[in-house]
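Enquirer: Single-letter residue listing:
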Amino acid sequence: MGMTLIEKIIYGKIERHSSPGEIVVLPIDAAMAHDGTAPLMIKSFEEMGAKKVWDREKAIFVIDHISPSSNEGTSTLHKMMRDFAKKHGIKLYDVGEGVCHQILPEMGYVFPGAVVVGADSHTCTHGAFAAFATGIGSTEMAAVFASGKLWFKVPESIKININGKMKEHVTSKDIILHIIGEIKADGATYKAVEFTGNTIREMSMDSRMVMTNMVVEMGGKTGLMPSDEKTRAFLEGRIKVPFKELKADENAYYSDELEVEADKLEPVVSCPHSVDNVKPVSEVEGIEVDQVFIGSCTNGRLEDLRMVAKILKGKKVKARTIVMPASREVLLNAIKEGIIEDIIMAGCALGVPGCGPCVGGHHGIPSPGDVVVATTNRNFKGRMGIADAYIYLASPIIAAYAALNGKIIYPR
Amino acid sequence: MIIKGRVWKFGDDISTDHIIPGKYKFKTIDLDELSKHLMEGVDPNFYSKISKGDIIVAGKNFGCGSSREQAPLIIKHAGIAAVVAKSFARIFYRNSFNIGLPVIESKDLVDYVNTGDIIEISLTDGKIYAKDMIFDFKPIPDFLMKILEDGGLVEHYKKRGKFPWE
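These protein sequence lines map, in sequence, to chains A and B. The opening position of the first sequence corresponds to residue 3 in my numbering, with each subsequent residue numbered one higher. The opening position of the second sequence corresponds to residue 2 in my numbering, with each subsequent residue numbered one higher.
Calculated from the structure, these hints are not laboratory results. There's no promise every hint is true.
[What the hints assert, rightly or not] Capping the alpha-carbon separation at 30 Å, the derived lysine-lysine pairs in DSSO-like fashion look like this:
{"id": "1", "chain 1": "A", "residue 1": "Lys155", "chain 2": "B", "residue 2": "Lys128"}
{"id": "2", "chain 1": "B", "residue 1": "Lys108", "chain 2": "B", "residue 2": "Lys139"}
{"id": "3", "chain 1": "A", "residue 1": "Lys53", "chain 2": "B", "residue 2": "Lys159"}
{"id": "4", "chain 1": "B", "residue 1": "Lys163", "chain 2": "A", "residue 2": "Lys45"}
{"id": "5", "chain 1": "B", "residue 1": "Lys163", "chain 2": "A", "residue 2": "Lys155"}
{"id": "6", "chain 1": "A", "residue 1": "Lys93", "chain 2": "A", "residue 2": "Lys53"}
{"id": "7", "chain 1": "A", "residue 1": "Lys155", "chain 2": "B", "residue 2": "Lys108"}
{"id": "8", "chain 1": "A", "residue 1": "Lys81", "chain 2": "A", "residue 2": "Lys54"}
{"id": "9", "chain 1": "A", "residue 1": "Lys89", "chain 2": "B", "residue 2": "Lys159"}
{"id": "10", "chain 1": "A", "residue 1": "Lys242", "chain 2": "A", "residue 2": "Lys338"}
{"id": "11", "chain 1": "B", "residue 1": "Lys37", "chain 2": "B", "residue 2": "Lys53"}
{"id": "12", "chain 1": "B", "residue 1": "Lys10", "chain 2": "B", "residue 2": "Lys132"}
{"id": "13", "chain 1": "B", "residue 1": "Lys160", "chain 2": "B", "residue 2": "Lys77"}
{"id": "14", "chain 1": "A", "residue 1": "Lys169", "chain 2": "A", "residue 2": "Lys232"}
{"id": "15", "chain 1": "A", "residue 1": "Lys155", "chain 2": "B", "residue 2": "Lys139"}
{"id": "16", "chain 1": "B", "residue 1": "Lys28", "chain 2": "A", "residue 2": "Lys53"}
{"id": "17", "chain 1": "A", "residue 1": "Lys15", "chain 2": "B", "residue 2": "Lys147"}
{"id": "18", "chain 1": "A", "residue 1": "Lys186", "chain 2": "B", "residue 2": "Lys139"}
{"id": "19", "chain 1": "B", "residue 1": "Lys50", "chain 2": "B", "residue 2": "Lys37"}
{"id": "20", "chain 1": "A", "residue 1": "Lys155", "chain 2": "B", "residue 2": "Lys147"}
{"id": "21", "chain 1": "B", "residue 1": "Lys10", "chain 2": "A", "residue 2": "Lys186"}
{"id": "22", "chain 1": "B", "residue 1": "Lys87", "chain 2": "B", "residue 2": "Lys108"}
{"id": "23", "chain 1": "A", "residue 1": "Lys242", "chain 2": "A", "residue 2": "Lys155"}
{"id": "24", "chain 1": "A", "residue 1": "Lys383", "chain 2": "B", "residue 2": "Lys77"}
{"id": "25", "chain 1": "A", "residue 1": "Lys315", "chain 2": "A", "residue 2": "Lys338"}
{"id": "26", "chain 1": "B", "residue 1": "Lys160", "chain 2": "A", "residue 2": "Lys54"}
{"id": "27", "chain 1": "A", "residue 1": "Lys45", "chain 2": "B", "residue 2": "Lys24"}
{"id": "28", "chain 1": "A", "residue 1": "Lys246", "chain 2": "A", "residue 2": "Lys93"}
{"id": "29", "chain 1": "B", "residue 1": "Lys77", "chain 2": "A", "residue 2": "Lys155"}
{"id": "30", "chain 1": "B", "residue 1": "Lys77", "chain 2": "B", "residue 2": "Lys87"}
{"id": "31", "chain 1": "B", "residue 1": "Lys147", "chain 2": "A", "residue 2": "Lys45"}
{"id": "32", "chain 1": "A", "residue 1": "Lys232", "chain 2": "A", "residue 2": "Lys167"}
Put together the whole structure using the sequences plus the hints.
Expert: Okay, structure coming up:
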């Protein structure tokens, strides 16, 4: 029997076959905590009496969730992180560097075959690079920082085969929202979700990361894609290990298989208050929008900003619109391409690279009763910092049109 | 390990944002302070209603969303003795053992009990006693049970000088 992609990555680490349900212990290639999770991690690390970090090159802190700090309490927690990073000699990406899930691949921590853990649920994003990447809690992260290893139950794999050329105005965000609407919020719980097919092959890395990012919204342990020339092109000059192409065997066993005809899909949105409440844009057309947020670890990359600028160029937004590039590199490239000028001239507010209002900490918390269109990944009640807000998750294209028109419209 | 307590019943898909809205966790790691907001996203007065030893019983996908460990931590800190749900999101499930909060999967219990009922959970036997019914659940794996008995991963490491995987 052949191996699925996750089984292949595990094989690469333990040099033997494993089967779903089995518990394995894996060495960790990169371990990341951010300002929402690192303070508790530090507390556990110190309470354990751990003395040193197992590998300074592989342990990473990122200040991105409330960045720059908006209040004294957060500033105190940030200092706790900076002090720990200095004491143990680990790398800390501070204010202005960007969202952890953009920084990790940009800085070369992620590569095909790597095992990546993050004290953040969207760590599954890195599976777009044929890595096994998953979210863990703060105390487990403390244990990883101390030991460099962690236990995992080998997951069953679901294969989602996606083929066909997407219509105009349809993006990888629409595909993943469509899939979550079908599978539902817990349909992939504990499972590895492997994406294949010619639609994935044709996609840029920016588009691929949108899809693996949202696997946790259907309960998945991790999302995975095979590595290819596009993966190589992104990672070249960034990673310190030799690049390898990694894909599942033809005869691998999957607990479930799903076919998606990408050429038949329409733009969709996730309606309040759950990610799996997915509807075609045509069904919600006309809903008035108060605020638009474009950014986050889901859709704050260069390709996303390009799509937005193309729509907004030379026009003025009607809804309050906040745009936050996912990283310093994304922001710099967007400036070079003239995208930022188009976005600012259209009347958008530009934020510092980071998570921004996605998680409700700062930088654009909606007003009571606001309808929000966001390119982010969660629309739970209260997610953006206020329970009385109605969040629609959408692609950058749908978000840009909502910004221009002050309401959700089907792009024509 | 026997846990006996009063039930608080919740529905499906209770996310970690419902358990503790993200906006609070960035400002402090003081659990007394954070606990006041327990379940605020579902019932803003929940913290003032509960007593030590109470049990949360919920539907499917409990603890979905963010990986924040503050969610199981404040459930435990507020005095909740255990959570029984149809199913759990995986990060929440792992976090709960790591901080010493018993979490149990039972497909049927939530449809049988109501808020205010008294139930008894025997972790070692894998049984829940509710009124005149007994619900079986899959026993917790040994190494997780040890972490739980020690009071979480930090205490486990302090006591044994190594992690379960070493």
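Enquirer: Tell me, which hint numbers fail for this structure?
Expert: Those not satisfied: there are none.
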